[in-house]
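**Q** Here are the chains, one letter per residue:
2 protein chains.
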Amino acid sequence: MARIKTNKNVSKKELILRKAAALFRERGFAGSTMRELADLVGVEAPSLYNHIGSKSELLQAICFQVADLFNRHLEEVKQSPLGYSKKLEEIIRFHIHMMQASFDEVFVANHEWKQLPAPLFAEYLDQRRNYEAILTGWLEEGIRKKEFKKLNPRLTILTILSALRGLESLFRNKKNISSTELENNLITQLLHGINK
Amino acid sequence: MARIKTNKNVSKKELILRKAAALFRERGFAGSTMRELADLVGVEAPSLYNHIGSKSELLQAICFQVADLFNRHLEEVKQSPLGYSKKLEEIIRFHIHMMQASFDEVFVANHEWKQLPAPLFAEYLDQRRNYEAILTGWLEEGIRKKEFKKLNPRLTILTILSALRGLESLFRNKKNISSTELENNLITQLLHGINK
DNA sequence: CCTACCGATCGGTAGG
DNA sequence: CCTACCGATCGGTAGG
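Top line first, the protein sequences correspond to chains A and B.
Each residue of the first sequence is one higher than the one before, counting from 1 in our numbering.
Each residue of the second sequence is one higher than the one before, counting from 1 in our numbering.
Because the hints were derived from the structure by calculation, they are not lab data.
Just so it is clear, CB atoms sit at the ideal spot from N, CA and C, and this is done for glycine as well.
Worth double-checking, as some hints may not be accurate.
When the alpha-carbon atoms are kept at most 30 Å apart in a straight line, the in silico DSSO-like pairs for lysine-lysine are as follows [to be verified]:
(1) Lys145(B) with Lys149(A)
(2) Lys86(A) with Lys78(B)
(3) Lys19(B) with Lys86(A)
(4) Lys12(B) with Lys114(B)
(5) Lys150(A) with Lys55(B)
(6) Lys150(B) with Lys196(A)
(7) Lys55(A) with Lys55(B)
(8) Lys196(B) with Lys145(A)
(9) Lys78(B) with Lys12(B)
(10) Lys78(B) with Lys13(B)
(11) Lys13(B) with Lys149(A)
(12) Lys146(B) with Lys146(A)
(13) Lys114(A) with Lys78(A)
(14) Lys12(B) with Lys86(A)
(15) Lys149(A) with Lys146(B)
(16) Lys196(A) with Lys145(B)
(17) Lys114(B) with Lys150(A)
(18) Lys114(B) with Lys196(A)
(19) Lys55(A) with Lys19(B)
So the derived list for chain A, only partly shown, Cβ under 10 Å to chain B, looks like this [what the hints assert, rightly or not]:
(20) Tyr49
(21) Ile52
(22) Gly53
(23) Gly142
(24) Ile143
Each pair of labels, with its calculated beta carbon distance range [as the list claims (entries may be wrong)]:
(25) Ala118(A) with Lys146(B): 41 to 47 Å
(26) Asp39(A) with His97(B): 41 to 47 Å
(27) Asn195(A) with Glu75(B): 22 to 28 Å
(28) Ser56(A) with Ala118(B): 24 to 30 Å
(29) Glu75(B) with Ser56(A): 42 to 48 Å
(30) Arg72(A) with Lys150(B): 33 to 39 Å
(31) His97(A) with Leu82(B): 35 to 41 Å
(32) Glu123(A) with Glu132(B): 18 to 24 Å
(33) Lys78(A) with Ser179(B): 32 to 38 Å
(34) Leu82(B) with Ala118(A): 34 to 40 Å
(35) Pro117(B) with Asp68(A): 24 to 30 Å
(36) Lys146(A) with Ser54(B): 55 to 61 Å
(37) Ser54(B) with His97(A): 41 to 47 Å
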């Protein structure tokens, strides 16, 4: 009986988290109210606090769950035997898949992490910088091995990540563009260029 | 005397607008308060309302001033005799210049326009879509004339614009990277590709 | 441009 | 999970 109660609470908390991600994406974290969230969940606002600690705890859970998935994937690719261009291809593919699988969560993590309370803000920023630094290292190595043109590595990685973040506007409109076309288009454009 | 008074009001209003852009960029529109803005301007909160009508009027002014500059430049490039690849180069250069000249305002226009009140939201969205549609048209024409590879035109333009928007994170950190290096790097990467 | 203050709404708590 | 309600804070107004 105690176990059943726990399971029920967990699934309700997950429902709250999913609805929070959808709400925060639409209205932003600061622009969202716990009353709106309660409406989406189907309870009164004070009842939310039987399942969660605070509004910002929701943001925290969303941001770090997303970050964990990206970090874990990065570690896998890092330890693979692929060349640097292929490694970047893998990263591009994974960002597209994440956006399709968890659009609201990825969007909120990308846009609202700045609203995290002070210590978590710094921690999240660290993880982000680490992610970028590893990709930048790949580009530097790839330039040394003549795999890439001589470009500013950090700027180039930043541009790729920005382009991937921008896919959000596609998923928001629920455009029916296939995952394969997306991947192929972005890999061609970002790695091989659009000029003939 | 009436003229002097008017000039004074105009310059105070411009000060408020500049400070509002800086504040909205840092905290977001919903996360910013008129008390914080008043502190930045150096008056009490109610005094702001001698110069402005409302908080959302500030957002409106910032967003549409930025949009006007981009639209005017687009029109110039559209009527130029340049080829499509060179036209896109001009757009890339202008986005970089705008970001350098008016970082706060461009950032706010890009991120907070969704908070515009209903009729203005739709108007802004229209202008944005028109901007994207014209660039997409160039890409379609360029593909037909074998200037570009066969790519999804809308997706390709969206990717370029996303990459340009992402430059924000560079200017936020006040990185001392030259305008010329930025332009060259982005044009190479986005038009010619990074692979050797 | 200020002081004083408004109605509304916020995140969250008490108590059952 | 609800009703009742809190202190704080919000955008904005009145009046001088």
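**Q** CB of Glu123(A) to CB of Glu132(B), is that within 18 to 24 Å?
**A** 36 Å Cβ-Cβ, so the 18 to 24 Å window is violated.
**Q** Holds or violated: Lys196(B) with Lys145(A), Cα cutoff 30 Å?
**A** holds, 10 Å
**Q** Tell me if the beta carbons of Glu75(B) and Ser56(A) are separated by a distance inside 42 to 48 Å.
**A** At roughly 45 Å between Cβ atoms, Ser56(A) and Glu75(B) fall inside 42 to 48 Å, so the hint holds.
**Q** Below or equal to 30 Å on CA atoms is what counts here, so check Lys114(B) against Lys196(A).
**A** violated, 37 Å
**Q** Are the Cα positions of Lys146(B) and Lys146(A) separated by 30 Å at most?
**A** holds, 28 Å
**Q** Hey, does the Ile52(A) contact hint survive, CB to chain B under 10 Å?
**A** violated, 20 Å
**Q** Is the hint on Gly53(A) kept, meaning its closest Cβ partner in chain B is under 10 Å away?
**A** Violated: closest Cβ of chain B sits about 21 Å from Gly53(A), beyond 10 Å.
**Q** So if I understand the rule, the pair passes when the alpha-carbon distance is 30 Å or less; does Lys114(B) with Lys150(A) pass?
**A** Status violated; Cα separation ~38 Å.
**Q** If I claimed the Cβ atoms of Lys146(A) and Ser54(B) lie 55 to 61 Å apart, would that claim hold in this structure?
**A** holds, 58 Å
**Q** Return the status of the interface hint for Tyr49(A): holds when the least beta-carbon distance to chain B is below 10 Å, violated otherwise.
**A** violated, 22 Å
**Q** Is it true that the CA of Lys149(A) sits at most 30 Å from the CA of Lys146(B)?
**A** This hinted pair holds, its Cα atoms lying about 24 Å apart.
**Q** Between Ser54(B) and His97(A), does the C-beta distance stay in 41 to 47 Å?
**A** holds, 43 Å
Comparing the model with each numbered hint stated earlier shows that hints 2, 3, 5, 9, 10, 11, 14, 17, 18, 20, 21, 22, 25, 32, 34, 35 do not hold.
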